[in-house]
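*Asks:* Going line by line, the protein sequences match chains A and B. Residue 27 in our numbering is what sits at position 27 of the first sequence, and the numbering runs on without skipping anything. Residue 274 in our numbering is what sits at position 7 of the second sequence, and the numbering runs on without skipping anything.
Just so you know, these hints were derived from the structure itself, not from any lab. This one's a predicted model, so the numbers in the text were calculated from it and none came from an experiment. Treat the hints loosely; a few may be bogus.
The calculated label-pair distances, taken between Cβ atoms and stated as ranges, are [unchecked claim]:
(1) B:ASP402 <-> A:THR201: 45 to 53 Å
(2) A:ARG53 <-> B:GLU389: 46 to 54 Å
(3) B:GLY410 <-> A:ILE46: 53 to 61 Å
(4) A:ARG25 <-> B:ASP496: 50 to 58 Å
(5) B:ARG404 <-> A:THR201: 45 to 53 Å
(6) B:HIS286 <-> A:ARG25: 44 to 52 Å
(7) A:ALA14 <-> B:PRO491: 52 to 60 Å
(8) B:LYS393 <-> A:GLY232: 31 to 39 Å
(9) B:THR382 <-> A:ILE46: 37 to 45 Å
Chain B residues, not near chain A, derived (Cβ > 12 Å throughout) [unchecked claim]:
(10) LEU272
(11) TYR374
(12) ASP402
Stretch-level coverage of chain B by chain A, calculated; a stretch enters the list once three of its residues show a Cβ under 8 Å from a Cβ in chain A [said to hold, decoys possible]:
(13) 339-349
(14) 478-485
(15) 496-509
C-beta: ideal position from N, C-alpha, C; glycine also.
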Amino acid sequence: MSGSAINQIASPFASIGRATLSGFREIGSVALFAAKVLFACVTPPIYLRETWRQCGMIGFYSLPVVGLTAVFIGAALALNIYVGGSRFNAEQLVPTIVVLGITRELGPVLAGLMLAGRVSAGIAAEIGAMRVTEQIDALHTLSANPTRFLFAPRVIAATLTLPILVLIADIIGVMGGYLVSVGALGFNGTIYLRNTIDFLTPDDVITGLIKAGVFGTIIALMGCYQGDRSGGGAGGVGRAATLAVVGAAVLILASNYLLTAAFTEGG
Amino acid sequence: MTQPLLEMCDLYKSFGPKHVLRGFDLSVAPGQSVVIIGGSGTGKSVSLKCALGLIQADKGDIRLDGKVLKKSSEREEMRRRTGMLFQGGALFDSLTVWENVAFLLLYRDGLDRKTAKDRAIETLAKVRLGASVADQRPAELSGGMQKRVGLARAIIASPDIIFFDEPTTGLDPITADAVNDLIVEHVKALGAAAVTITHDMASVRKIADDIALLYEGRILWRGPVSQMDNSGNEHVDQFVHGRADGPIQPAI
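Full structure from sequences and hints, please.
*Replies:* In structure tokens form, the structure reads like this:
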């Protein structure tokens, strides 16, 4: 058998091998970047003014989009549970399932995904533009470490503000379900709220908030990582923003499963 | 001759198959202004970035006060003594003008914001910018004003070495001349060693003590600005007179 024939047969395997190696290289690169940034988040100096500013940019300005998402999800969830529950004469479960669904799962995941679009892309584009316009080089020449000055404040801010956003989203989502149930489905408002509160445990809320903290870290890390390695002008910045959103969304969904499994095993 | 403050010795740097620096040597003494000229893509910016440690040279030494910089702490020490004016200004969009100028005072030296702002306004006045711009964002300023803010940021901590990366690119001739005047004034006032890269021959004549022509990754000719027009080097002659015909091939 000739050399070229062997090469042709081996070609698909070589492609798989290259893709696998490239995947491992990417995972390693993200892991090293994350370790460097997380270390900077917990060791001084921490730029408090910049961190506070990022809390506003990431947390406060995300409130409208997270609130709107939550109210519509809560409302739609109530309708769906009502339709499904009515098949088993279990309509009365609507408030309980709405509150559990939102606090344990939909609140943190959907807020995380919305912020992956708004915040992760924004961070990647901002840092990518800073790299293209030599602002990152300027930071080095001004004795400032970009990891500490740019990345750590964003990661701290996203990790701290996403749980607060999710807590607000939980309340708004439950209210969305309440409005539809009382206004359109004929539920008694007082009984709806009592059922909501009676079946909700602190663990339901806390697990959702822990997830939100993890998702916040992922969102900011992916934005910073893709922004930092962007290049090639406007096209490179656009690509970085896209990759940041895709990476953050995939990692949010994957980590959501792992966290849910861990919380379920933990009781 | 005065002992050089900064020396770049036998620097080599390649990006893949492209060999950008091939034995680059340059030294600059305190109070001396050296301008590096050369065609586009010949490695002028790379040489500055190697000196600053923004790019790691494949081979060669950077020396400060005769001492080879090896450890990251030594490179950091060099950055503490260096100011840099970037081609596009590289001002931080998220900060106000005065916060940009006072960046070193705020984040490195830990000065309180009021004192730092006062120092920033003083330094802005030195580059002929009024206090009214202090609270504006860089995006609200013209290109010439951004260059002057960048210059103010570069000189606020009285550096021993200042790098200028194409300081007049994109400016009209009058504004460019004003920026050149400011560069000369402040380099002299600080007694700093200055290294500038530019294509602008008017700028070269104004700010240079010495000129160095970078060609094929190394300094081909270096001499005082007074000898620039009679260097006897055909490469220098072609570049100074801006002719397409000659030993240097146009970058197209």
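*Asks:* Please go over all the hints and tell whether each is borne out by the structure.
*Replies:* For each hint, the structure was consulted:
The hinted range of 45 to 53 Å is satisfied by ASP402 of chain B and THR201 of chain A, whose Cβ atoms lie roughly 51 Å apart. At roughly 26 Å, the beta carbons of ARG53 of chain A and GLU389 of chain B sit outside the given window of 46 to 54 Å. Taken as a hint, the range 53 to 61 Å is violated for the pair GLY410 of chain B and ILE46 of chain A, whose Cβ atoms sit roughly 35 Å apart. At roughly 54 Å, the beta carbons of ARG25 of chain A and ASP496 of chain B sit within the given window of 50 to 58 Å.
Separated by about 48 Å at the C-beta atoms, ARG404 of chain B and THR201 of chain A satisfy the suggested range of 45 to 53 Å. Checked against the given bound of 44 to 52 Å, the beta carbons of HIS286 of chain B and ARG25 of chain A, roughly 26 Å apart, lie outside it. Between ALA14 of chain A and PRO491 of chain B the Cβ separation comes to about 59 Å, which falls inside the hinted range of 52 to 60 Å. For LYS393 of chain B paired with GLY232 of chain A, a C-beta distance near 37 Å keeps the hint of 31 to 39 Å intact.
In this structure, THR382 of chain B and ILE46 of chain A break the distance hint of 37 to 45 Å, their C-beta atoms being roughly 22 Å apart. The claim that LEU272 of chain B lies off the interface holds: its Cβ sits roughly 17 Å from the closest Cβ of chain A, which is beyond the 12 Å cut-off. Distance check for TYR374 of chain B against chain A: the nearest CB is about 6 Å away, which does not clear 12 Å, and the non-interface claim fails. Every beta carbon of chain A lies more than 12 Å from that of ASP402 of chain B, the smallest distance being close to 16 Å; the non-interface claim holds.
Proximity of the stretch 339-349 of chain B to chain A, defined as three or more residues with a beta carbon under 8 Å from a beta carbon of that chain, is established by the 4 residues found. With 0 residues having a Cβ less than 8 Å from any Cβ of chain A, the stretch 478-485 of chain B misses the three-residue criterion, and the hint is violated. Counting residues of the stretch 496-509 of chain B whose C-beta sits closer than 8 Å to any C-beta of chain A gives 0, which falls short of three, so the coverage hint is violated.
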